[in-house]
Amino acid sequence: MLKSIVQRGKIALGVVCALAMLGSVGACSSSAPQGASGSSDNKKILVIPKYTGLKYFDVSGDGAKEEGKKLGLDVQYIGTQDATANAQIQTITNAIAQKPAAMVVSAIDENAVTPILKKAQSQGIKVVTYDADADSSARTVFVNQLSYELAARTMLDSALKNDPNGGLVAFISASPSATNHRKHVEWMKKLIDSDAKYSKLKYVDTVQYSQDDATKSEEISRNLMQAHPDLKFIISSSVPTTAAAANAIENAGKQGQVYAPGFSMPSSMSHFVEDGTIKAFCLWDPAQLGAVSVAVADQLVQGKITGKKGEKVKVDGIGEFTIGDKGELNVDKPLTFTKDNISQYKF
Amino acid sequence: MKSFIRRYQWQEVLIGLLVIAVFIGTQLSPYFLNYLNLANSSVTFVPTALMGLGLFPIVVLGEIDISLTSTLAVSAVLYARCWEAGMPVVEGALISLAVAVVMGVVNGVLVAVAKLPSMAVTLGTMGAYRGAAYLIAGDAGINGIEGGYASLGSTWVGYIPVPVLVFAIVAFVIWVIMAKTNYGQYCYAIGNQAPAVKSAGISITFVKIVAYVLGAVTAWLAGVVWAGQYASARGDNADGTIMLVLTIVVLGGVSIFGGSGLTSGVVLAVALLFVVQSAMSLANVPGTTQTLISGLILLIAIVLPNLSRLKELIVKKPTTK
Chain A
1 MLKSIVQRGK IALGVVCALA MLGSVGACSS SAPQGASGSS DNKKILVIPK YTGLKYFDVS
61 GDGAKEEGKK LGLDVQYIGT QDATANAQIQ TITNAIAQKP AAMVVSAIDE NAVTPILKKA
121 QSQGIKVVTY DADADSSART VFVNQLSYEL AARTMLDSAL KNDPNGGLVA FISASPSATN
181 HRKHVEWMKK LIDSDAKYSK LKYVDTVQYS QDDATKSEEI SRNLMQAHPD LKFIISSSVP
241 TTAAAANAIE NAGKQGQVYA PGFSMPSSMS HFVEDGTIKA FCLWDPAQLG AVSVAVADQL
301 VQGKITGKKG EKVKVDGIGE FTIGDKGELN VDKPLTFTKD NISQYKF
Chain B
1 MKSFIRRYQW QEVLIGLLVI AVFIGTQLSP YFLNYLNLAN SSVTFVPTAL MGLGLFPIVV
61 LGEIDISLTS TLAVSAVLYA RCWEAGMPVV EGALISLAVA VVMGVVNGVL VAVAKLPSMA
121 VTLGTMGAYR GAAYLIAGDA GINGIEGGYA SLGSTWVGYI PVPVLVFAIV AFVIWVIMAK
181 TNYGQYCYAI GNQAPAVKSA GISITFVKIV AYVLGAVTAW LAGVVWAGQY ASARGDNADG
241 TIMLVLTIVV LGGVSIFGGS GLTSGVVLAV ALLFVVQSAM SLANVPGTTQ TLISGLILLI
301 AIVLPNLSRL KELIVKKPTT K
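Same order as they appear, the protein sequences are chains A and B. The numbering used here puts the first residue of the first sequence at 1, with every later residue one more than the last. The numbering used here puts the first residue of the second sequence at 1, with every later residue one more than the last.
You can trust all of the hints, since none of them are fake.
Computed cross-link-like contacts, EDC-like style, restricted to lysine to aspartate or glutamate with a CA-CA straight-line distance of at most 20 Å: (1) A:K55 - A:D285; (2) A:K118 - B:E146; (3) A:K314 - A:D332; (4) A:K189 - B:D139; (5) A:K190 - B:D139; (6) A:K119 - A:D135; (7) A:K183 - B:D139; (8) A:K346 - A:E66; (9) A:K161 - A:E250; (10) A:K304 - A:D316; (11) A:K119 - B:E146; (12) A:K312 - A:D332; (13) A:K161 - A:D340; (14) A:K70 - A:D41; (15) A:K346 - A:D58.
Output of the computed footprint for chain B on chain A, the stretches with three or more beta carbons under 8 Å from beta carbons of chain B: (16) 76–85; (17) 175–186.
Which stretches of chain A does chain B cover? Using the computed rule of at least three CB atoms under 8 Å from a CB of chain B, they are: (18) 48–57; (19) 107–118.
If you're looking for bench data, these hints aren't it; they were derived computationally from the structure. In this text the structure is predicted, and so the values were computed from the model without any measurement. Positions of the beta carbon are idealized from the N, C-alpha and C atoms, including for glycine.
Start from the sequences, fold in the hints, and give me the full structure.
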C-alpha cells in the first residue's frame, strides 16, 4: 500500500516536472495581456502561414514582423508545424479569440478555411490572404506573389536559361488540390502550346504529385528520368521538390542533361548552382511578400482601402501596387537566381 | 488485479495532468477560459477524436489501423458528391457509410483472414483509399456544402456544438461495447493472447473484422462531421493527422501491445491534448515549441505506465544464490 502511494507520488512528480517545462516555455512567449478593444486603436495583426518550420514561410513571417515594426504594429507570426487543414483551422479559431485587428493567412485548404475566415470577418476582423488564396468571399484582399501567368513564364524562362535549346519538360506539383500549382501547370502547358518564345519546349502531359515531401520528390524525379530518357527539365512550383529534383539529378549523374529550373529557395539550392547542376531557378522574395501583406492589412484596418478594384497600396521601399479583379493584388516581382546573384539572397 | 490498479492509476494521472494543463492555460492566455472559444475550437478536434475512439478497440486487439484518415477522406468526398448530386441527406449518409464499411471489411479480412501484419496492410490501404478519395473528389474538391448535409458538422444545440455531442455519444457507445458486452471481453482476451480464447470457441477472425469495421464507421462519422464543419471536402482531407490519432490512443493508456486500456482513458487523453493544444495556440507559442511539447507528452505517455518495468531493468535485484 505504502509502496504504491510512493510510486504514485513519483509519477505525479514526473508529470509536474514535464508540465512545469510547458509552463516555463509558454511563459516566455506569452505577451502581456492587452485590452484589444476591436476599435481602430487595435494594432494586433496575426500572420498565419500554412504551417511553420518551412523556411519559406518563416522568412515571410520575418518580413511581416519587420514591416509591422516600421508601421508601429503588433505583428505576430503564429501556427503549428502540423501541415494539416485541421491544425491551421484550430490556429485560426484561437486567433479569432485574441481579437486581432486583422489576420494574414496562407490557406492550406482554400475551401476548408472559408467558414472560419468568414466567422472572423463577421466579428470585424479584416482578413487578407497571401501566398495561397482562400475562397474570395472569405477575405478582402489576396496578396499574390506572382500572377499565375507570370509565375508560369518565369519558370519557363528559367528553364531556357538552363538550356536555350529547350527539350522535354515534366511537371511535379504538391497535390491535385494545390490550386496555385495547378494553375501554374495549366499556364505553362498553354504557353508551350501557343507562345512562339517557348516553341522549343515539349511536355509530358501527366503531372506527378510530391506532397511537398523531399523523399517522395526525389523518387518521382528518379522515375521520370528513367521513364523519359530524353527528359530535359523537371519543373515544380514546390520549393522542397525543386531542391529534391536537383539532388536526384546529381545522384543519377545526369548533370548537364536534366535541369530543375522551378521555384526554390537560394539557401537550399546554392550547392547545386555552385557545382553547375542547376544554372538557373526562380522564386520571389518571401520577406517582401510578408511585408506587403501586412501593409495591406494595416491599410484595411485604418479604412484607407476597402479592397475594391483600382485602389492603390504604397509600401515604402518595395513599391506601389494596385488591387485588381476579385480583390487580387499581384506583387509580381519574380527573382531568377544564377551563379552570379545567388549569394546576395539570404533565404 | 494488479493490472487493474495500474490502469486506474493512469486515469488519475490523466486527470491530474488535465487539471494542471487547464491551470497553465489560464496563466498563458487571458482568452483561455472564454467558453465560446473553447467550444468553437473543440469542434475542430472532433474528427480526430472520433478516429481515436475507433482505433481504440483495434489497438486493444493488438493490431493497428493507419488507414483511418484515408477512410475519412473517402467518406467525406463521397458524402459531398451526394450533396452535389442533390440526393436527400439520408441517402448520402447511407451510401458513404456503406463504402466505409466495405473499406473496414477489406482491412479486417486482409488482417484476420489472410493473417497479414496490420501495419503493412493498413499502410497499403492508407495509400489506396487516399488515391480513391482524390479520384472521387477531382482536382478542386467539393465546396459550399450546406443544409441537412452540414447539420452534424456545423450546428449547435443551445450552447453545445453538435460535433461535441456526436463525440459524447460515440464515446458512450464505445464504452458500452468495450466494457459491457462479451465482444469487448473477447477483444481484451485476444489482445492478451489468453489461452482461453481458442478453447472458448471465439472466432478471432470475426472479432477482428468487426473491430476494423467499427473503426471505419467512426472514420465515416468523422468524415460527415468534417464535410459539414468545413462546408467542403477534398482528396487530402485529414491527411497527416494519423499521428495525432495514435497519440490519443497511446496517451489514453491503451497498451500498444494489446490487451489493455479503457474508454475513459481515451476520452481523458482527448481532453488533455485539446486543452494543451488550445492553450499553446491561444498563447501563440511558436510551432517548434508546440511540436516539442506534443512529443514530450507522447513520451511521458509511453514511459510512465512502463516505469515499473524500467525500474526492474535498472535496479535488478541480485537473485538468491
